[in-house]
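There are 2 protein chains.
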Amino acid sequence: MIFTRLKQMIVGKPMPSHRLSEEKISKWKALAVLSSDALSSVAYATEEILIPLAAVSAAALAWSVPVAIAIGILLIIVSASYRQTIEAYSNGGGAYVVAKENIGVLSGLVAGAALLIGYVLTVSVSVAAGVSAITSAFPEVYEFRVMIAVIVIGLITWMNLRGIRESATVFAFPTYIFIISFFVMMGVGAWKIWTGQAVQAHPILHDSYPPIAMFLVFRAFSSGCAALTGIEAISNGVPSFKAPAHTNAKITLTWMAALLVVLFFGITALSHVYGIVPRGGEMAVSQLARAVFGTNWFYYVIQVSTALILVLAANTSYNGFPWLAAVLAHDRFLPRQMAILGDRLVYSNSIIWLSIAAAILVILFQGETHSLIPLYAVGVFLGFTLSQAGMLKHHLKHKKPGWMRAFAINALGAVTTFIVMLVVGATKFSEGAWIVVLLIPFCVFIFYKINRHYLSIGAELSLMEESAPSKMNPVKHTVVIPISGVHRGVVEALRYGISISDDVRAVYVEIDPQATERVKQAWEEWAHEIPFVVLKSPYRSIIKPLLEYVDDLSNTVHSEIITVIVPEFVTAHWWHQILHNQTAFLIRAALLFKKGKVVTSVRYHIKGI
Amino acid sequence: MIFTRLKQMIVGKPMPSHRLSEEKISKWKALAVLSSDALSSVAYATEEILIPLAAVSAAALAWSVPVAIAIGILLIIVSASYRQTIEAYSNGGGAYVVAKENIGVLSGLVAGAALLIGYVLTVSVSVAAGVSAITSAFPEVYEFRVMIAVIVIGLITWMNLRGIRESATVFAFPTYIFIISFFVMMGVGAWKIWTGQAVQAHPILHDSYPPIAMFLVFRAFSSGCAALTGIEAISNGVPSFKAPAHTNAKITLTWMAALLVVLFFGITALSHVYGIVPRGGEMAVSQLARAVFGTNWFYYVIQVSTALILVLAANTSYNGFPWLAAVLAHDRFLPRQMAILGDRLVYSNSIIWLSIAAAILVILFQGETHSLIPLYAVGVFLGFTLSQAGMLKHHLKHKKPGWMRAFAINALGAVTTFIVMLVVGATKFSEGAWIVVLLIPFCVFIFYKINRHYLSIGAELSLMEESAPSKMNPVKHTVVIPISGVHRGVVEALRYGISISDDVRAVYVEIDPQATERVKQAWEEWAHEIPFVVLKSPYRSIIKPLLEYVDDLSNTVHSEIITVIVPEFVTAHWWHQILHNQTAFLIRAALLFKKGKVVTSVRYHIKGI
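Chain order of the listed sequences is Z and R. So in the numbering used here, spot 563 of the first sequence is number 563, and the numbers just go up one at a time. So in the numbering used here, spot 306 of the second sequence is number 306, and the numbers just go up one at a time.
The hints are simulated quantities; they were obtained by calculation from the structure and are not laboratory data. Keep in mind that this is a model prediction, so the values were computed, not measured. For glycine and all other residues, C-beta sits at the position ideal for the given N, C-alpha and C. Zero decoy hints are in this set.
Once the Cα atoms are required to be at most 25 Å apart in a straight line, the calculated BS3-like pairs of lysine-lysine come out as:
id, chain 1, residue 1, chain 2, residue 2
1, Z, Lys607, R, Lys597
2, Z, Lys536, Z, Lys597
3, R, Lys536, R, Lys594
4, Z, Lys597, R, Lys607
5, R, Lys597, Z, Lys597
6, R, Lys242, R, Lys27
7, R, Lys476, Z, Lys597
8, R, Lys476, R, Lys595
Under 7 Å between C-beta atoms, here's a sample of chain R residues computed to sit facing chain Z:
id, residue
9, Ile457
10, Gly489
11, Ser499
12, Gln582
13, Lys595
14, Ile606
Construct all of the structure, not just a fragment, from the sequences and the given hints.
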């Protein structure tokens with residue numbers, strides 16, 4: 001088929017199931033692959049802190065450093081908490097699994113909904129920020145940012161439909177280039193201040209801070225919490241690590257947390273020292289890079305590596321989302337087809353839905369990272385909280401050696417992330433968090449509806465019940481063949497009809513009585529043994545009289561099933577189809593959902609020219 | 001069905017065939033209804049003359065009056081010529097009919113193509129000009145002109161899908177208001193000049209004319225020829241006249257021609273006298289009306305009546321186009337369904353296509369009348385020429401009393417319109433006439449292709465030939481039932497299968513060997529009498545192994561037809577469908593066009609929740 005060939009051209013040839021092996025990766029590669037989501041947030045989290053503060057006054061920006069310290073502490077708490085999860089769930093303990101196993105199905109589904117929404121937002125936010133990194137360097141393409149973002153999502157989708165392996169070495173480069181170039185920026189920036197080559201606008205910490213509404217400090221804190229997104233990736237990815245997987249994963253998580261804290265705090269502090277003020281059109285980190293290096297080649301290295309790690313971060317959702325959707329579908333909370341591996345060993349359905357949702361968000365929010373952030377953190381922290389809370393139950397149940405220390409750490413994690421969730425929800429509610437607050441219960445509601453549907457269908461279709469059919473007996477059925485004249489196409493349909501039933505009737509809808517006479521004569525000659533019924537049609541409809549006849553027939557002949565055989569043409573060229581078959585299509589559509597009716601097309605292949 | 005109810009809400013309930021009666025109309029109503037297309041061109045034809053002249057110099061505008069005189073003479077010649085057609089074709093002699101009957105099929109099709117294109121352009125040009133009349137009065141909506149034009153086309157479409165009667169008295173008003181208000185404008189304009197209340201910018205005729213390239217005079221003439229479009233409507237509409245139809249039609253045609261000449265010449269002359277210079281954003285007639293009346297209430301009467309008659313003119317295409325398309329479809333030059341009267345007694349297909357084409361043109365040409373005009377005249381004059389040329393052959397064949405005089409008139413008409421066609425084609429070629437010059441032969445090519453297709457199909461399907469099947473014998477057929485498990489939906493399909501054939505096989509595609517075992521056990525219990533085939537699927541495709549099995553089967557069992565029965569679910573709510581049936585859909589799509597395969601869905605109605 002044309003479609004098959006087209007699809008193979010785009011996504012490649014099918015792959016056999018045995019290629020779905022679990023490849024084990026080393027720590028340095030795991031750090032690159034599993035941390036890109038978390039580390040990339042350094043590119044926008046600082047700016048998110050500055051924006052609400054700058055709205056008050058330039059002096060208020062001084063608050064950014066204490067806020068960054070608070071976020072750094074939070075980051076350490078959450079990382080420590082996830083180290084416990086790595087210990088307990090060596091198969092990868094996503095929040096859905098941990099919450100469902102330990103707390104209950106509802107909690108699991110809430111976490112699942114929060115995660116799915118989070119994956120979509122990771123794509124939208126990361127791509128939007130990645131495009132920002134480019135438009136910061138090349139402001140002349142700023143007006144095309146939405147289009148560029150949608151194209152980038154399209155490319156990521158295409159790669160994932162072909163089935164890329166995250167473990168490919170090439171994907172490790174952007175992360176390390178990003179880390180190195182950001183460290184270089186911090187080093188050079190500090191050096192220039194120290195040697196007096198750059199004007200120090202502010203000290204890192206102030207003796208006194210300008211009094212502003214605590215609400216605004218909390219809002220800045222909430223915005224900066226975007227830095228924590230993706231921190232759970234390593235604990236979900238334990239099965240990918242080389243043995244000893246636990247230990248390796250824990251070491252990698254510690255490294256990632258350390259890098260994230262240093263990078264995030266460093267960039268925020270440096271931005272404050274250099275007196276960066278957020279403004280539309282150029283990202284804060286781009287401003288900082290220009291302030292440190294000027295617009296030289298290294299500035300472009302920074303921007304390009306920022307863009308690349310953000311695209312990589314978006315890409316991580318293309319593993320997480322389809323995998324979680326498949327787990328939910330397997331548990332009958334999402335449509336079955338989301339659990340079906342496509343012929344390239346990827347969950348094609350989920351990949352496409354993820355891309356569509358992310359692209360819609362990017363378009364709706366006009367590719368502005370800052371507008372998308374308020375939707376992000378509530379779900380992320382809800383997931384954190386449920387996951388940590390699940391761990392508490394887990395510890396109480398298993399009471400492994402040293403469980404009390406782990407319990408304490410997870411308890412701190414759970415309480416902290418719960419409080420942060422409330423703070424984020426409250427300070428960001430009107431800016432967009434309300435969307436997610438409404439969306440999560442809605443998703444959970446849909447999950448339950450789908451589950452109930454599958455369960456009820458299962459019961460209904462079961463052959464184990466008392467009402468099940470007792471015998472495999474044939475059905476009594478009548479065949480109706482609507483004809484438009486007497487020709488070879490009709491003859492094929494009639495031959496098929498008499499071969500599947502003894503009760504066959506040809507039906508002709510009369511529009512023009514003269515034509516009826518001609519058809520009747522031809523009928524006598526060719527098929528007089530089959531009853532020929534003429535239906536009047538004062539309104540010139542072909543369909544209506546036919547439907548009425550079929551309904552009447554159901555009542556009179558007491559057949560269990562009436563099969564309507566529609567003679568159709570298959571033309572040699574597809575564009576010839578528009579010259580035929582309209583009526584056949586309408587008959588099929590009209591009878592499609594009627595009970596006790598089977599519609600069969602017998603197709604006659606015509607060559608035509 | 002929902003679709004049926006929605007359709008009835010929009011276009012109304014079906015009407016029985018007997019309501020398709022020929023209503024006869026009086027001369028005064030016929031003049032209004034059949035002349036709106038021709039008369040409405042007065043609204044834009046003058047401006048079309050002025051635009052190419054104004055591009056040279058203000059002085060060159062003096063040429064507009066001689067050009068208008070030339071067009072006036074042409075108009076009289078063409079009208080006289082069409083009086084002969086009325087005499088000869090009392091059933092309405094459209095150019096297609098006249099050319100096909102007298103010259104040949106090719107000429108008829110060329111005329112038919114020119115006419116169809118002309119109908120589309122009538123809609124586009126008239127609606128664009130009508131919207132111009134409004135935006136001239138209310139410049140603040142000028143930027144929305146394309147949208148307004150598309151909405152107007154939508155409204156006309158809707159009215160025509162419901163089936164309006166052109167003969168409705170209400171449609172006579174706009175034409176008469178237009179005629180009267182334009183006469184008032186000419187009278188008041190002349191009076192004001194005569195009494196010195198207005199400054200006379202120029203005399204009507206000059207003693208000497210500024211020397212300009214003759215090409216430009218011809219181009220102005222070609223543009224002004226837009227005034228002749230629609231002049232043939234009365235001769236096509238003879239059957240609508242009260243007896244004596246001939247005489248009444250001829251009288252009406254004479255009246256229309258006289259009105260058109262006077263209005264067109266009067267407006268052009270008055271525009272020159274008042275020194276109107278065409279400019280973007282306001283129509284020339286609007287400028288003239290403001291010059292004569294100022295922007296008072298009567299100015300708005302002029303604009304609104306101009307807009308209304310133009311909409312009415314657009315509407316005339318909605319009778320002409322579908323009727324001609326139906327004639328062409330009846331002669332097998334267009335798809336059959338264009339000859340089928342819908343349940344509101346209108347040719348719904350053609351109406352929709354006409355609207356789509358016209359709307360596309362309006363959008364492409366940004367609702368600018370002036371940009372559309374160059375496409376218009378070539379086709380119109382080609383139609384005139386072929387129609388008159390056909391009349392010449394007609395006279396030679398029938399030689400009715402007084403045929404020589406009629407022959408002379410038609411000869412003059414044919415030669416004149418042929419020359420004008422060449423002039424228009426040459427002077428407007430690069431401005432857009434080339435589109436139509438290419439489009440007409442392309443349409444004719446398509447007509448012939450469609451015709452050849454239908455004829456070849458007719459021969460192929462004929463039972464009269466030697467190769468026709470000799471006997472109505474049943475076919476040998478095998479049934480294949482793909483199953484996904486053993487449940488009630490499958491049981492229904494199996495019961496149906498064994499009732500239509502003795503050779504039934506159930507086929508199961510194995511993805512997971514453990515699942516296969518469970519299905520096999522259930523099979524033994526429920527349907528062991530039917531062969532159960534397991535197909536391996538290393539690529540996890542359900543479709544491919546099934547297709548291969550069916551193809552193999554065709555070769556081994558020598559069945560003429562293999563029926564694939566697909567068990568499907570019909571869910572209680574349509575949105576539940578997305579949770580089911582994807583595989584059934586794919587199987588159907590894959591086998592759709594294969595020879596010797598019949599795909600039948602046996603649907604099990606599930607309630608579900």
